[in-house]
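Asker: Protein sequences appear in the order of chains A, B, C, D, E and F.
Under this note's numbering, the first residue of the first sequence is numbered 1, with each subsequent residue one higher.
Under this note's numbering, the first residue of the second sequence is numbered 1, with each subsequent residue one higher.
Under this note's numbering, the first residue of the third sequence is numbered 1, with each subsequent residue one higher.
Under this note's numbering, the first residue of the fourth sequence is numbered 1, with each subsequent residue one higher.
Under this note's numbering, the first residue of the fifth sequence is numbered 1, with each subsequent residue one higher.
Under this note's numbering, the first residue of the sixth sequence is numbered 1, with each subsequent residue one higher.
Please note: incorrect hints may appear among the correct ones.
As the list claims (entries may be wrong) - Which stretches of chain B does chain A cover? Using the computed rule of at least three CB atoms under 8 angstroms from a CB of chain A, they are:
| no. | region |
| --- | --- |
| 1 | 118-132 |
| 2 | 168-182 |
| 3 | 198-204 |
Claimed, not checked - Computed cross-link-like contacts, DSSO-like style, restricted to lysine-lysine with a CA-CA straight-line distance of at most 27 angstroms:
| no. | chain 1 | residue 1 | chain 2 | residue 2 |
| --- | --- | --- | --- | --- |
| 4 | A | K231 | F | K120 |
| 5 | B | K120 | C | K161 |
| 6 | D | K218 | B | K120 |
| 7 | F | K161 | E | K218 |
| 8 | E | K231 | D | K120 |
| 9 | F | K218 | E | K161 |
| 10 | C | K161 | E | K218 |
| 11 | F | K218 | F | K231 |
| 12 | F | K120 | B | K161 |
| 13 | C | K218 | D | K219 |
| 14 | F | K231 | E | K219 |
| 15 | B | K161 | A | K161 |
| 16 | D | K218 | E | K120 |
| 17 | C | K120 | B | K231 |
Stated by the list, open to error - From the derived model, a few chain C residues whose C-beta atoms are all more than 12 angstroms from chain D:
| no. | residue |
| --- | --- |
| 18 | S13 |
| 19 | E63 |
| 20 | S116 |
| 21 | G150 |
| 22 | G223 |
Hints listed in this document are in silico derivations from the structure and should not be mistaken for laboratory results.
Remember, predicted model here, so these are calculated numbers, not experimental data.
Each residue gets a CB set at the ideal place from its N, CA and C atoms; glycine is no exception.
Protein chains: 6
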Amino acid sequence: MKILVINPNTSESVSTLIQAEAQRSASPGTEIEVATAPFGVAYIETRFEALVGAYASACVAAERHGTYDGVVIAAFGDPGLHGIKELIDVPVVGLTESSLMTAATLGQRFSIIAISPRIKAWYRETVERAHLASRLASIRALEEPLRDIGSVQQDYAARLKALCNEVVDDDGADVIIIAGAPLAGLAREIRNELPVPVVDGVSSAITQLEGLIRLAPKKATRGSFAQPPVKPNQGLPEPLERLLSSGKTG
Amino acid sequence: MKILVINPNTSESVSTLIQAEAQRSASPGTEIEVATAPFGVAYIETRFEALVGAYASACVAAERHGTYDGVVIAAFGDPGLHGIKELIDVPVVGLTESSLMTAATLGQRFSIIAISPRIKAWYRETVERAHLASRLASIRALEEPLRDIGSVQQDYAARLKALCNEVVDDDGADVIIIAGAPLAGLAREIRNELPVPVVDGVSSAITQLEGLIRLAPKKATRGSFAQPPVKPNQGLPEPLERLLSSGKTG
Amino acid sequence: MKILVINPNTSESVSTLIQAEAQRSASPGTEIEVATAPFGVAYIETRFEALVGAYASACVAAERHGTYDGVVIAAFGDPGLHGIKELIDVPVVGLTESSLMTAATLGQRFSIIAISPRIKAWYRETVERAHLASRLASIRALEEPLRDIGSVQQDYAARLKALCNEVVDDDGADVIIIAGAPLAGLAREIRNELPVPVVDGVSSAITQLEGLIRLAPKKATRGSFAQPPVKPNQGLPEPLERLLSSGKTG
Amino acid sequence: MKILVINPNTSESVSTLIQAEAQRSASPGTEIEVATAPFGVAYIETRFEALVGAYASACVAAERHGTYDGVVIAAFGDPGLHGIKELIDVPVVGLTESSLMTAATLGQRFSIIAISPRIKAWYRETVERAHLASRLASIRALEEPLRDIGSVQQDYAARLKALCNEVVDDDGADVIIIAGAPLAGLAREIRNELPVPVVDGVSSAITQLEGLIRLAPKKATRGSFAQPPVKPNQGLPEPLERLLSSGKTG
Amino acid sequence: MKILVINPNTSESVSTLIQAEAQRSASPGTEIEVATAPFGVAYIETRFEALVGAYASACVAAERHGTYDGVVIAAFGDPGLHGIKELIDVPVVGLTESSLMTAATLGQRFSIIAISPRIKAWYRETVERAHLASRLASIRALEEPLRDIGSVQQDYAARLKALCNEVVDDDGADVIIIAGAPLAGLAREIRNELPVPVVDGVSSAITQLEGLIRLAPKKATRGSFAQPPVKPNQGLPEPLERLLSSGKTG
Amino acid sequence: MKILVINPNTSESVSTLIQAEAQRSASPGTEIEVATAPFGVAYIETRFEALVGAYASACVAAERHGTYDGVVIAAFGDPGLHGIKELIDVPVVGLTESSLMTAATLGQRFSIIAISPRIKAWYRETVERAHLASRLASIRALEEPLRDIGSVQQDYAARLKALCNEVVDDDGADVIIIAGAPLAGLAREIRNELPVPVVDGVSSAITQLEGLIRLAPKKATRGSFAQPPVKPNQGLPEPLERLLSSGKTG
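Isolated chain A (complex conformation) (with noise of 0.2 angstroms):
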C-alpha cells in the first residue's frame, strides 16, 4: 500500500516533521512519500493561504496520480480536501477530518490547541463544515509570534502542555487535539503526561487512511463527489486537465 502525504505548506521542515511522524505510523507494509507543495507560504493560517494550497494540493495530486492508493492533505484546515475527493479515485483524507474522527469516538467533546491566535478562525471553520462544531470544546493557540516553523515543539514544550490541561479543566475537553502539521509528532511525546487521550493528525490520518484502503471503498459515480462532470476547461496544468477529461462519472 503506497500512500501520498501532501504537505500543503511550503516548508521543508515541516515536511520533515510530518514524515517522520508518519513513518512511525504507518502499519508495516505501508510506503509513505511525502511531496511539499511547490508554490504558496510557509505555514497557512489564513483563509486566504489555505485557497492556495488547496490549489498546489490539487495540482501535487494529479501529477502523482496513478502511483498511490490514498492520499493525505497534511495541513490541520484541510486545504481543498473536498474538491480533491472529487478529483481523485481513492481515498483522500486531510489532518482535521482524521484528527475530529479519531477525537469523537475517544470523547464527547475535544478542543483542539494551535500554534497561533490567528489560525484559529480557520480551524473552527473547518469544523464547522464537518458540522462538529457542537462538540468542540474550545481551541487555545500560542499567542506569541513563533520563532521558527520548524521548531515550534521544542520552542514552546511547556506552553503546549499548559494549554492542554486548561482545555481539560476549563473547558471540559474529553480529548485533546494537537493541531497542525509544525505540531506532529508532539501527542506521542507528551500523552504519558496529560490527564486524557490526545490525538495527533498525522498520525491519524495515516491509521484511517490505512483502514479507508483496506474497506476499499467505490468511487462515486453519483453525489456530490462523482469526478466533476467532463465540460470546457482551459489554462489548467497537462495532469488535471487530462483527470478532468477522463470521464470517470457515470
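Since chain A is already given, all that's left is putting chains B, C, D, E and F on it; use the hints.
Answerer: Leaving out everything else, chains B, C, D, E and F in the frame of chain A:
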C-alpha cells in the same frame, strides 16, 4: 491483537453474521471473539430494548475484562456505548459511531438503510447523539414485518438495493450506510452495483478499532470518560462490581 | 391518583429526601410511593452509572406495573426515561425533563446547579437529548468531593446559593434549576433569597405528572413510543418479560 | 385559584370554544375568566395580526391585574407572551408554549395540525422561538378557505383526522398538537381514534398553569424577565402606565 | 426616493440622533423623514417595551402609507419588523437586520455593543430570529445606569471604545456592531481608532434600503409576507383598518 | 466608483450575461469592469471546480489591485470569497452572499433555483458557510444536461418559472433566489409573473457593493480578516506575492 465483539441482541444467527463479516474485515493477526448477550431481546429496535442491551453488553464487557485489547458493541444504535467507554480501559467502538465516522470521511451527507420502520427513531437519536443529524440525508427502511432476522439479506435483497438507489437519487446522499447487525456483510455483496460508497457497520468498526488500538490512546483519568468515581454500590454482578471498585480514576 | 417515584440511586437517604419533597408538592388526594433501586450505585454521576440505573428503574417500573397511574424517574439525568416511556402505558416523567419544561415556561435561558464536576457532562447530554442546549446558559457545580450524599444541602448551603447568584449575574440565566435528587427540596428553602425563579426537579415532576394524568393522554399504538414489538426475548426478570409479551402495540 | 384566559382574537365564538375547553380542563376550585381582545382581528394567522394581538392582550392583562393568579394567552402563536411575562408578576402561559411542553414529555417529535396554510409560518417561528424546531416533525394545515371560524371543527372533522394520521405515518410524529383556539376541544373528541397522544392547547395551558401557580415561582427581580426598568413613557392606557411605573424591579 | 424612518422610542432626542446619521448616510436625492412613536417608552430595552413599540411603529407606518418608498424601523431589536413587512407594500428594514447583513458581508463573526445589560436578551433573541446566533461572537454592554439617553455617546465614549476592543481581542469578533438608536453615529466617530470594521445600524439601514428600493422587489402576493388575508377586524386606528381591508393579497 | 467583477468561470458568454446585468443594476457614476478567469472550467458546478476558480479569482483580484473600489466574485458559490476578503483592502462580495443577504431582508425563508442537479451540493454548502441553512426552504434545479451555458435562460424559460412556483407552493419559500451567473438577469425578466420577490445574484451584488463602498468600512488590521501575516512564500504570481508582502496587518 484481540477484539471482543459483543452482540447486544440475543440472536445467535445474528452473531454468526457478525462473526463472518468481522473475520473478513480483520487484519492478519487480529483475533475476533464474538459474545452474544446473555439476556435481552432477539433484535433491538427500540429505546427500551436498547436499554436492556446496554446493561447486557456492559455485563459481558466486564466479565471478559482483561482478555481483549478493544471492544465492538455490535448493534447499530450502539447500546450503552458511552457508558461502557467510561468503564473500560481499552478502546470501545460501536457500529453506528464507526459507520458515521467512515461515512463522514467518504462524503458530506449520508443516508441509513434500516430493517424496520420502528428502528428509525432509535437510529436518528443515535446520529443526534453524535451531533451529526445535519449531515444525515435520510433514513429509509424496509416496511414489511421481517420473516426471519437471520435471513433478512436474502429475503429482501432487491428492496434493500432499491432503497440504496432512492437515497442517492431522491435524498442527496453521498454515502450509504447499511445499518444493523442483521445486515452485516450485505454492503460487501452489493457495493459494486451501487453508485456511491457503501458503509457496513461491522467492517467499519473492526477497521477503526484496529486503528485505535495501534494509536494506543491513553485511558482518561480526568474528564467525563474517566472511570466512574469509586463509591458504594450494590446488587451488581461481581465483574462489574470489581471494575467499579478498581479506583483507577485520578 | 397514585404516583410511583423510582429513585435510580441505591441510597435510602436520597429516597427520604425525594419522598419528603414529593409529598410536599403533591395535591391532596395524590398518593406517593417511593421505590429505591434494588441494584446500582449510591448516586449516579456518569453515563455508565446511568446505564445501570436505567435498567434498575425499568425493572422496578415493570414489577409494580398495574399499581400506579404514573411514574417519576427521580434522578436528574433521567436514566432510562425514554425506554421506560415505551414500555409503560401510563405517563412517565423524569426530573430533568420536568425541570426543563418548567424552566422553559418561566424564562428563556436557564442554568443548572449540580453537586459535582463529574456530573456535568451527563447533565449536558440530557439537555441535548431534549434539544434544549441552546437555551442552557450554563451548568455550575460544587467542586469539592461530597462529605455525605444525604446532607449535601446542609453541608454546602452557602456555596450552592453563591452558584445560583453567579449563573444569574455572569451567565445570563433567567431561571435556575437546582439539579439532582440529593438537592431535592433545596429550591423551596432558598427561593426567596434568589433574584430569579428556582426550579426543583422533584416538585416539577410531581406537579407535571399530576397534570399529565389528568389530561389522560392515550398510550401510543404507533410511532416510536408504542410498546416494543413482541418478539423472542430471554433472561429477563419475569415482570419485564410479561410486559414485553403483552402485545398491546397496534 | 383564578385564571384569566385572554383570547387575542376578537371573535366571541372562539372565546366560547376556549371557555368550554378551559372549564372542562380546570381542577375543581379553579375559576376561569375569559376575556376577548377589545381590538384586533377575528382570528390571528400572521405576524402582523399577532403584533396587534400582542398589544391587545397586554392591555387586557394590565387592566385586570390584581384579579387573577395566572394568565393564559389563548392563541396558538402566543402573541406577546414573553413581553407580558416581563410585565406581570404571576405566571403567564401560552397555548403554543404549553402544547410544546406537554408534547415534549409525551414523545420526542411532534407535529402541528393547523387551520390554514398562511398560519404555518407564524407557528413555525413560534416553535423556533422555543428552540424546539429540531423536534418538529411537520406542520400540516387545512388547505381550503374556512367557512366559519366558529365551526371549523364540525366543518372539517374528517380532513383534520386525516391530517393527524398523515403526520404519524408520513412525518414520524410521536405526538400530535392540534393547534389554534378555533380547534379548542377537538383533541378531546377524537383522541381515541388516533394512534398517538393528541395535545390540545387550551387544556395543556390550563393544566400547566395550575401546576405553576401551585409551585409558586418567585417573580424575577433580575435577569431578562424582571419588570421593565422604570423610565419615561407616554400615551399608554392607564393600567399599562401604572404597572410600568410600579418599579418592582430590583 | 423618500424614506420614512420610524423611531419606536418616544424620545425626541433619540430621533434627533437618528435623523442626523440618516441624513449623513443618505445618497443625494434621498429624502429622509423621521417620525417618533406617538406612544410607548423613552427607549426600548425589553420584550414588553418592544411589543408596545411594534404596535406604535405599525400605526405610524400605516398612517403615512402612500407617502414613502421604504421604511426604516429605527430601534435595534427591530420591533414589529416582520409584521410590518407583511402590511406594507414597499421595502421595510430594521436596524438589527441591516446591521447583521452588513456585518455578515464584512466578516464571519460579529459582536454587538449595547447600552445596558438589560437590553442584551432582547438583542440576542433578535439575532436568533435571523438564525445568525452561531455567528454572534458576543454582546457586551455598558454596566452603569445611563445618565441621559440623549448623551450616551458623549458620557461613555471611553468605555464604549474599550468594549469594542474587548470583543475583538477576547471574543474573536471580525466586525463590531454598535447597537441601538441612542448610539447612532458613534461608529462614524470612532471607526478609525478600532482594528476591525464597525457597523452602525442607521447608516446600514439607510444604505440597504436605498439599494432595495432600487432593486424594486415585488410585494409578495403569496407566502408568509403577503398582506394578511382580509377578514373582520375591530377597534383599530383607521389607517391600519384601511390597509388591512385593501385586499391586495392574491 | 469603479467595481471589478470577476467571472470565475472561463466562459466569455457568461461574462457577457454578467456584464449586461451588472450594467443595468449599477448606479449612475459606477464603472463596471468584468474580467474572465484566465484558467479553470467553463462553468463551475463542484467543489473541485470552485477550488480552481478561487485561485484564478484571487490572481485576477491581485493583478488589478489598485484599479478598483470593490470586487464582485461573480459565481454563485462564491469561490475564494473569504480568502480574497483577507487579501484585498476594499470590499469584496460574492453572488451567493449578496443574494442571501437581500433575500434575508425580503423574507424569512428562501429557495434557490439552480441550473443542474450536481451544483446543488456546492450551493447548499455555501449557504451553510453563511450559517443560514435553517432559513433555506429548498434548492431546486434543472434536471437535464444543459445545451449551452450561454443560452440557459432562453432554453429552459418555462421550466425555470415552474421551479419558482414549486418552491413557493410546496416548499414554503418567501423569496426566490435565481442562482448562478448563467442565469444573470433572468429575475428581472420574470419577476412580475411570480408571486414572491425574486433575487438575482449580480444585481444584488452590485447594489450591496455600492452601498458598502459608500459606507467605507475600514480594512481589518486585527482579527481573521486582516491581511495574512507576512511570511516566506514561493512560486506565486508576482501580484499575489507583492500583496502578501505588503505587510499592512497591524
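Asker: Please go over all the hints and tell whether each is borne out by the structure.
Answerer: Each hint, compared with the structure:
Coverage of the region 118-132 of chain B by chain A holds in this model, with 3 residues showing a Cβ closer than 8 angstroms to a Cβ of that chain against a need of three. Coverage of the region 168-182 of chain B by chain A holds [criterion: at least 3 residues with CB-CB distance below 8 angstroms; count 5]. Three residues within the 8 angstroms Cβ limit are the bar, and the region 198-204 of chain B against chain A gives 4, so the coverage statement holds. Restraint check for K231(A) and K120(F): satisfied, since their Cα atoms lie roughly 18 angstroms apart, inside the 27 angstroms limit.
For the given pair, K120(B) sits about 44 angstroms from K161(C) by alpha-carbon distance, which is inconsistent with the 27 angstroms threshold. For the suggested pair K218(D) and K120(B), the alpha carbons sit about 42 angstroms apart, so the restraint of at most 27 angstroms is broken. For the proposed pair K161(F) and K218(E), the alpha carbon gap of about 16 angstroms is at most 27 angstroms, so the pair holds. The hinted pair formed by K231(E) and K120(D) meets the criterion: a straight-line CA distance of about 18 angstroms does not exceed 27 angstroms.
Between K218(F) and K161(E), the direct Cα distance comes to roughly 16 angstroms. Compliance with the 27 angstroms bound is thereby established for this hinted pair. Distance hint between K161(C) and K218(E) is unfulfilled; the C-alpha atoms sit about 57 angstroms from each other, more than 27 angstroms. For a cut-off of 27 angstroms, the pair hint linking K218(F) to K231(F) stands: about 23 angstroms separates their Cα positions. Of the supplied pair hints, the one linking K120(F) and K161(B) holds, its CA atoms being roughly 24 angstroms apart against a limit of 27 angstroms.
At roughly 35 angstroms between alpha-carbon atoms, K218(C) and K219(D) are farther apart than 27 angstroms, so this suggested pair is violated. As the CA atoms of K231(F) and K219(E) are separated by approximately 52 angstroms, the hinted pair breaks the 27 angstroms bound. Of the pairs offered as hints, the one joining K161(B) and K161(A) is violated, with about 51 angstroms between alpha carbons and a cut-off of 27 angstroms exceeded. A hinted pair counts as satisfied when its Cα atoms are at most 27 angstroms apart, and K218(D) with K120(E) qualifies at roughly 22 angstroms.
For the hint pairing K120(C) with K231(B), the CA-to-CA distance comes to about 18 angstroms; that is within 27 angstroms, so the pair holds. At roughly 25 angstroms, the least C-beta separation between S13(C) and chain D is larger than 12 angstroms, which holds for a residue marked as non-interface. Distance check on E63(C): its Cβ is at least 23 angstroms (rounded) from any Cβ of chain D, clearing the 12 angstroms threshold; non-interface status holds. A cut-off of 12 angstroms between C-beta atoms confirms that S116(C) is not in contact with chain D; the least separation is 26 angstroms.
With a least beta-carbon separation of about 25 angstroms from chain D, G150(C) lies farther than 12 angstroms from that chain, consistent with its non-interface assignment. For G223(C), the non-interface assignment is contradicted: its Cβ lies about 5 angstroms from the closest Cβ of chain D, within the 12 angstroms cut-off.
The structure does not agree with the numbered hints 5, 6, 10, 13, 14, 15, 22 stated previously, though it agrees with the rest.
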